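Student: Note that the protein sequences, when read in sequence, are chains A and B.
Mapped onto this note's numbering, the consecutive letters of the first sequence carry residue numbers 1 to 279.
Mapped onto this note's numbering, the consecutive letters of the second sequence carry residue numbers 1001 to 1156.
Please keep in mind that the hints were generated in silico from the structure rather than gathered at the bench.
Worth double-checking, as some hints may not be accurate.
Stated by the list, open to error - Listed below are the simulated DSSO-like cross-link pairs for lysine-lysine, each with C-alpha atoms no more than 27 Å apart in a straight line:
no.	chain 1	residue 1	chain 2	residue 2
1	A	Lys177	A	Lys204
2	A	Lys64	B	Lys1151
3	B	Lys1117	B	Lys1091
4	B	Lys1151	A	Lys99
5	A	Lys168	A	Lys64
6	A	Lys99	A	Lys177
7	B	Lys1106	B	Lys1117
8	A	Lys170	A	Lys64
9	B	Lys1053	B	Lys1030
10	A	Lys64	B	Lys1134
11	A	Lys204	A	Lys168
12	A	Lys64	A	Lys177
13	B	Lys1023	A	Lys168
14	B	Lys1030	A	Lys99
15	B	Lys1134	B	Lys1106
To be verified - Over 12 Å on every C-beta distance to chain A, these chain B residues come out as not near it, computed from the model:
no.	residue
16	Gly1004
17	Gly1009
18	Met1022
19	Ile1025
20	Met1033
21	Ala1046
22	Ala1057
23	Glu1071
24	Arg1082
25	Ala1083
26	Arg1095
27	Gly1131
All values derive from a computational prediction rather than experimental measurement.
Built from N, CA and C at the ideal position, the CB exists for glycine as well.
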Amino acid sequence: MAGSTQEYIEHHLTNLTYGQLADGSWGFAHTAEELAQMGFMSINVDSMAWSIGLGLVFTFLFRKAATTATSGVPGGLQNAVEMVMEFIDETTQSIFEYKNDLVAPLAMTIFVWVFLMNLMDLVPVDWIPMLAQAVGVSHMKIVPSTDPNITMSMALTVFVLVLYYSVKCKGLLGFLKELSLHPFPSVWAIPVNFVLEFVTLIAKPLSLGLRLFGNMYAGEMIFILIALMFGAGAVFFVFGGVLQWAWAVFHVLVITLQAFIFAVLTIVYLAQAHEVDEH
Amino acid sequence: MNIGLTLIGQSITFIVFVWFCMKFIWPPLKDMMRERQEAIAAGLSAAEEADKKLAEAATGAEAELAKAREEAAGIIEQARQRANQMVVDAKTVAREEGERLIEAAKAEIDQESNRAKEALRTQVSALVISGAEKVLESSVDASKHNELLDKLAAEL
């Protein structure tokens, strides 16, 4: 039983990965060893497919609202889309005081996309992996935000934007000055300052990406553990059902909050990048 | 949970979605929302304007009504005065008419009595004359005694 439980958990936490196998050919990884051998030259097909699919859901819905939008009485979809938009717009305007047409759409894309990816966590953990196995696909992880590749790639993209706008707004010299003359404005403190500021800078994408990953991974893990209870007798079945419901309700809050935090921190980091130091 | 090409693939996907949102979703929605905001603001100000106009019209109507009421009261007052005047006039006319009739009647009566007196007097004088003629057994020359006869007649 212990072995099968471990297998069950591991199976649920393994992506469907396509990459270069040890013998040089390309294919899906079926074991942990094969996966480890692939190294960087591998791609998590399930994460990519689900995230792109959900991104398309987002763009399709919002584009539909944008094309059918009227300044008259709005319909249901338009109302929902406008509500999200207004929320993001207000948040952006309260944090980000500079003129930049990228920030608000960026924040909205992050918020809605991350929310949709997190939302997949509420789909019962066995449904889609079992369905996939029935049609011959060995692994299927449907929550893209439990894949560090996904969250870190978004965080790194935001980080690149932060670097770009830092250099653009402050100048390369100004940016380096900020890195080296803070928090102690003295020539002698430059090494100390640089270490401190560099760590702060690097912490931005790491915390951004890993926070989302950690939260979603932990949430998914708890769903899997609860799902294990269903096979352990009638009492545990009922208890597991109640727990799953309770955790799902709580998770609705978590997934929304995590999507919001990712979007807000992106705005904050970009606002910091635009901030030109006076002294 | 290995880091791999997913990182790059997802970055590209992310950039594409953000770009799409920035180009084709955010601006039209934003424009439309601004448009509606303006439309609502215009509608509200129009409603306010209409309210003000309505209040103005109500005040105007009130004034007009008061004026009309006043005018009507004036007309009624005038009519009453006129009626009173007519009654008074009619009374005056009637009284005058009555007086005139009385006067005329009196005059006629006087005339009639005078005429009767005259006739009587003539008859009396004729009688007197004929009497006197009988007494005197001679004719009386009317022209000679006219004065006398007249004096007699006047005494009668």
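Student: Taking the hints in turn, state whether each one holds.
Tutor: Hint check:
Restraint check for Lys177/A and Lys204/A: satisfied, since their Cα atoms lie roughly 19 Å apart, inside the 27 Å limit. Pair hint Lys64/A plus Lys1151/B does not hold up; C-alpha atoms about 143 Å apart against a cutoff of 27 Å. For the proposed pair Lys1117/B and Lys1091/B, the alpha carbon gap of about 38 Å is over 27 Å, so the pair is violated. About 144 Å separates the Cα atoms of Lys1151/B and Lys99/A, which puts this hinted pair outside 27 Å; it is violated.
Under the criterion of a C-alpha separation no larger than 27 Å, the hint pairing Lys168/A with Lys64/A is inconsistent with the structure, at around 35 Å. Distance restraint check for Lys99/A and Lys177/A: the Cα-Cα separation of roughly 24 Å lies within the 27 Å cut-off, and the hinted pair is therefore satisfied. Only pairs whose Cα atoms come within 27 Å are accepted, and Lys1106/B paired with Lys1117/B is accepted, the gap being roughly 16 Å. About 39 Å separates the Cα atoms of Lys170/A and Lys64/A, which puts this hinted pair outside 27 Å; it is violated.
About 34 Å separates the Cα atoms of Lys1053/B and Lys1030/B, which puts this hinted pair outside 27 Å; it is violated. Between Lys64/A and Lys1134/B, the direct Cα distance comes to roughly 155 Å. Violation of the 27 Å bound is thereby established for this hinted pair. Of the pairs offered as hints, the one joining Lys204/A and Lys168/A holds, with about 19 Å between alpha carbons and a cut-off of 27 Å not exceeded. Among the hinted pairs, Lys64/A with Lys177/A is inconsistent with the structure: their alpha-carbon atoms are about 46 Å apart, more than 27 Å.
Between Lys1023/B and Lys168/A the CA atoms are separated by roughly 22 Å; this keeps the pair inside 27 Å, and the hint holds. Our distance criterion of 27 Å between C-alpha atoms is met by Lys1030/B and Lys99/A, whose separation comes to about 15 Å. A C-alpha spacing of about 40 Å is found between Lys1134/B and Lys1106/B, which places the hinted pair above 27 Å, so the restraint is violated. Remark: the non-interface label on Gly1004/B conflicts with the geometry, its nearest Cβ contact in chain A lying 4 Å away (cut-off 12 Å).
A cut-off of 12 Å between C-beta atoms contradicts the statement that Gly1009/B is not in contact with chain A; the least separation is 5 Å. Not every Cβ of chain A is farther than 12 Å from the Cβ of Met1022/B; the closest lies at roughly 4 Å, contradicting the non-interface assignment. The Cβ of Ile1025/B does not lie farther than 12 Å from every Cβ of chain A; its closest approach is about 5 Å, which violates its non-interface assignment. Not every CB of chain A lies more than 12 Å from the CB of Met1033/B, the least distance being 6 Å, so the non-interface label is violated.
For Ala1046/B, the non-interface assignment is confirmed: its Cβ lies about 16 Å from the closest Cβ of chain A, beyond the 12 Å cut-off. Non-interface call for Ala1057/B relative to chain A: holds, since the shortest CB-CB distance, roughly 30 Å, exceeds 12 Å. The Cβ of Glu1071/B lies farther than 12 Å from every Cβ of chain A, with a closest approach of about 50 Å, so its non-interface assignment holds. Once the 12 Å rule is applied to beta carbons, Arg1082/B is consistent with being away from chain A; the minimum gap is 65 Å.
Against chain A, the non-interface label of Ala1083/B holds: every CB pair exceeds 12 Å, the least being about 66 Å. Every C-beta of chain A lies more than 12 Å from that of Arg1095/B, the closest at about 84 Å, which supports listing it as non-interface. With a closest Cβ-Cβ approach of about 134 Å to chain A, Gly1131/B is found to remain outside the 12 Å limit, as its non-interface label requires.
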